[in-house]
Amino acid sequence: VHFLAVGLLFFWPIMGIDPAPRKPSYVMKMLELFAGMPFHAFFGVAVMMSSTLFVDSFAKPPASWGVDTLDDQQIGGAIAWAFGEVPTVIVLLVIFSQWMRSEERIARRRDRAADRDGDVELDAYNAYLARLAGGKSAPERAPAEAGVPVDAGAQDDPARSGSA
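Counting from 1, position 35 in the sequence shown corresponds to residue 103 in the working numbering; the numbering is continuous, with no gaps.
Worth double-checking, as some hints may not be accurate.
Stated by the list, open to error - In silico SDA-like links for lysine to any residue, alpha-carbon gap of 25 Å or less: (1) K128 / V113; (2) K128 / S118; (3) K91 / Q166; (4) K91 / M105; (5) K128 / L138; (6) K91 / A73; (7) K128 / A146; (8) K91 / L76; (9) K91 / L138; (10) K91 / A146; (11) K91 / V162; (12) K91 / F164; (13) K128 / G144.
Hints listed in this document are in silico derivations from the structure and should not be mistaken for laboratory results.
Please put together the full structure from these sequences, using the hints given.
The structure is reproduced here in structure tokens:
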């Protein structure tokens, strides 16, 4: 029961889809998920690579079992490592899928708003491109739009006036 409770407490903020006062971002959820991975891996690999038994009471099982206790412990370490990482990868895929669906929903919402109200940023960008296509480059256009004549500085700068 303890492991189940701790697992639920760990995964609830990561996987929880319930309303919360402040939900972590998808990147934060992934970082939180990755934070526990080294501990699962370390424990599983430490048990798997051990050359001595951790618990002496299991050193001499009944002969009828036909068990090599060290080999059994190493297999247990491999299983612990695998069962610690496989759910993590599955949860990572679920979080990534939720993130992509969220981005698609946001894009659809913005598209609907742009269709309904017009896209101000897109209109401004298209007007800017139209001005550029009209033959004026950005440096030539900027002083003229500010109310300063384009040739106003040409008298002071010989390179701009065309005389050397």
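Hints versus structure:
1. Of the pairs offered as hints, the one joining K128 and V113 holds, with about 24 Å between alpha carbons and a cut-off of 25 Å not exceeded.
2. Distance hint between K128 and S118 is fulfilled; the C-alpha atoms sit about 17 Å from each other, no more than 25 Å.
3. A threshold of 25 Å between alpha carbons decides the hint, and for K91 with Q166 the separation of about 13 Å falls inside it, so the pair holds.
4. Straight-line distance between C-alpha atoms of K91 and M105 comes to about 22 Å, which keeps the hinted pair within the 25 Å bound.
5. Using a Cα cut-off of 25 Å, the hinted pair K128 and L138 holds, with the two alpha carbons roughly 11 Å apart.
6. Of the pairs offered as hints, the one joining K91 and A73 holds, with about 21 Å between alpha carbons and a cut-off of 25 Å not exceeded.
7. Our distance criterion of 25 Å between C-alpha atoms is met by K128 and A146, whose separation comes to about 22 Å.
8. A hinted pair counts as satisfied when its Cα atoms are at most 25 Å apart, and K91 with L76 qualifies at roughly 17 Å.
9. Between K91 and L138 the alpha-carbon distance is near 45 Å, which puts this suggested pair outside the 25 Å criterion.
10. About 35 Å separates the Cα atoms of K91 and A146, which puts this hinted pair outside 25 Å; it is violated.
11. For the proposed pair K91 and V162, the alpha carbon gap of about 16 Å is at most 25 Å, so the pair holds.
12. Straight-line distance between C-alpha atoms of K91 and F164 comes to about 16 Å, which keeps the hinted pair within the 25 Å bound.
13. Among the hinted pairs, K128 with G144 is consistent with the structure: their alpha-carbon atoms are about 17 Å apart, no more than 25 Å.
Violation of the numbered hints given earlier is confined to hints 9 and 10; the remaining hints are satisfied by the structure.
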